[in-house]
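Peer 1: Residue numbers (full-length UniProt numbering), protein chains in the order written: chain Z, 1 to 240; chain D, 1 to 240.
No lab work stands behind these hints, which were simulated from the structure alone.
Possibly wrong hints are sitting among the right ones.
Restraint-style ranges between C-beta atoms, simulated for each label pair [unchecked claim]:
| # | chain 1 | residue 1 | chain 2 | residue 2 | range |
| --- | --- | --- | --- | --- | --- |
| 1 | D | Met225 | Z | Asn114 | 29 to 35 angstroms |
| 2 | Z | Gly214 | D | Gly198 | 39 to 45 angstroms |
| 3 | Z | Lys107 | D | Ser49 | 53 to 59 angstroms |
| 4 | D | Asn216 | Z | Tyr26 | 19 to 25 angstroms |
| 5 | D | Thr109 | Z | Leu129 | 57 to 63 angstroms |
| 6 | D | Gly198 | Z | Met189 | 55 to 61 angstroms |
| 7 | D | Gly168 | Z | His105 | 34 to 40 angstroms |
| 8 | Z | Leu129 | D | Met189 | 27 to 33 angstroms |
| 9 | Z | Arg196 | D | Pro133 | 36 to 42 angstroms |
Every value quoted in this text rests on a predicted model; they were computed, and no experiment measured them.
We treat Cβ as the ideally placed atom computed from N, Cα and C, and that holds for glycine.
2 protein chains.
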Amino acid sequence: MPNPTAAMLVIGDEILSGRTRDANMYFLAGELTKHGIDLGEVRIVSDDSAAIISAVQALSAGFDHVFTSGGIGPTHDDITADCISQAFGVQIDVRDDARSLLAAHYKTTGKELNEARLRMARIPDGASLIDNPVSVAPGFTLGNVHVMAGVPMVFQAMVASVLPGLTGGQPMLSQTLRVHRGEGDIAPMLGALAARYGDLSIGCYPFQQDGAFGANIVIRGTEGMRIDAAMTQLAKELDL
Amino acid sequence: MPNPTAAMLVIGDEILSGRTRDANMYFLAGELTKHGIDLGEVRIVSDDSAAIISAVQALSAGFDHVFTSGGIGPTHDDITADCISQAFGVQIDVRDDARSLLAAHYKTTGKELNEARLRMARIPDGASLIDNPVSVAPGFTLGNVHVMAGVPMVFQAMVASVLPGLTGGQPMLSQTLRVHRGEGDIAPMLGALAARYGDLSIGCYPFQQDGAFGANIVIRGTEGMRIDAAMTQLAKELDL
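Full structure from sequences and hints, please.
Peer 2: Here it is in structure tokens:
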């Protein structure tokens with residue numbers, strides 16, 4: 001059975017303007033690979049309702065799971081929750097369970113649960129909450145879309161809350177061989193290897209170091225013995 | 001007149017598997033911002049023809065410019081050039097001008113211009129070449145799509161070849177104020193500020209440091225004096 005598939009949607013002008021370098025995509029990609037869920041696409045869109053709604057609908061239809069990052073805080077530019085509810089055509093309002101979480105939290109910290117903070121208790125109808133052990137304000141899952149915060153520490157905690165509940169597949173395994181030969185030299189042999197091992201994914205990622213060209217050859221698959229076999233053959237053909 | 005818009009398409013399984021952390025997106029985002037071109041969306045797709053073709057067509061139709069990264073080397077998994085030609089419905093073959101570049105280069109390095117390397121001279125009909133001062137094998141521009149290599153050093157050199165030829169808009173300027181107050185405290189004031197300065201983009205990006213919450217407030221726009229005015233008012237309201 002093929003692994004479940006996933007897409008990620010990163011919401012935030014700060015990534016697109018080059019101000020912030022995204023960290024959540026890199027983290028999620030690694031976690032999904034370990035869990036046996038294949039990340040097939042990532043989109044990054046700005047804080048724009050139409051862009052968010054259309055991306056959510058496209059990705060939700062095309063993949064088993066969608067993970068979103070960003071835009072669920074208390075400020076005016078946090079519009080993700082409203083967009084998700086529109087994408088699914090459901091109502092959204094402050095929900096009692098989310099409000100209780102926030103009320104208890106702000107009571108202990110002595111901060112006011114003002115109107116802005118109460119925005120973080122707005123949850124679309126039919127969604128289930130995602131636990132946030134870092135800063136309490138919850139994420140939520142609606143349909144196959146998991147809506148999480150953009151702050152990396154919170155995002156990572158929410159991923160840890162969500163992932164164990166999702167059916168995973170076989171973890172994708174990989175082995176890497178670093179060779180100091182130009183891609184163009186090894187390309188024919190890699191093509192033949194890829195044709196022979198059709199069940200594996202064989203990638204070649206060139207690098208340049210101190211003026212010399214080399215490449216990392218990465219063989220991926222779910223069966224370690226097949227990867228071993230392909231890697232052994234490759235090393236032999238490269239006289240390594 | 002609004003700034004030209006752009007999208008980026010990153011092609012590569014190595015990003016989606018979490019093996020490699022993308023660097024090109026962060027670089028391009030910063031360069032486009034300086035050049036006055038607004039990056040509106042980024043997509044990352046795997047080395048899959050259907051996914052690449054459909055993303056190229058969608059982004060080419062939706063934005064003034066599309067920049068792609070990855071998949072134009074000599075190995076079997078480098079399928080970007082063929083996908084671009086299919087997306088535009090044009091033929092692709094080894095082209096004399098590109099072959100000449102490669103032949104001259106490999107002559108000086110003493111390497112063979114074999115069949116694999118000749119793949120890098122496959123250019124879609126009607127495309128113009130993008131200069132590659134690092135490793136010679138060219139990128140190309142077809143319609144509004146600029147096709148570039150994935151190796152960061154080469155990608156950056158190609159961006160430097162392409163950008164000066166594109167009409168830019170007004171560079172987006174920004175100022176950041178770092179405050180050690182929770183987002184929820186400052187949200188109402190930020191919302192009011194955003195409403196008053198509708199020509200500016202006001203973002204709030206929370207962080208957590210040593211257990212305390214804070215936020216970076218970023219005000220963006222093309223007129224420095226307006227940003228100054230908004231920032232001055234913000235500082236006053238925050239008693240800074």
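Peer 1: State for each hint whether it applies.
Peer 2: Outcome of the hint check:
1. The hinted range of 29 to 35 angstroms is satisfied by Met225(D) and Asn114(Z), whose Cβ atoms lie roughly 32 angstroms apart.
2. At about 52 angstroms, the beta-carbon gap between Gly214(Z) and Gly198(D) misses the expected band of 39 to 45 angstroms.
3. Our hint of 53 to 59 angstroms for Lys107(Z) and Ser49(D) holds, since their Cβ atoms are close to 56 angstroms apart.
4. A hinted range of 19 to 25 angstroms for the beta carbons of Asn216(D) and Tyr26(Z) is consistent with their spacing of about 21 angstroms.
5. The supplied range of 57 to 63 angstroms is met by Thr109(D) and Leu129(Z), whose beta-carbon atoms lie about 60 angstroms from each other.
6. Distance hint for Gly198(D) and Met189(Z): a CB-CB separation of about 60 angstroms, consistent with the stated range 55 to 61 angstroms.
7. Between Gly168(D) and His105(Z) the beta carbons are some 46 angstroms apart, a value that contradicts the proposed interval 34 to 40 angstroms.
8. Hint check: Leu129(Z) to Met189(D), Cβ distance near 29 angstroms, so the stated range 27 to 33 angstroms holds.
9. Between Arg196(Z) and Pro133(D) the CB atoms are about 37 angstroms apart, so this pair conforms to the stated range of 36 to 42 angstroms.
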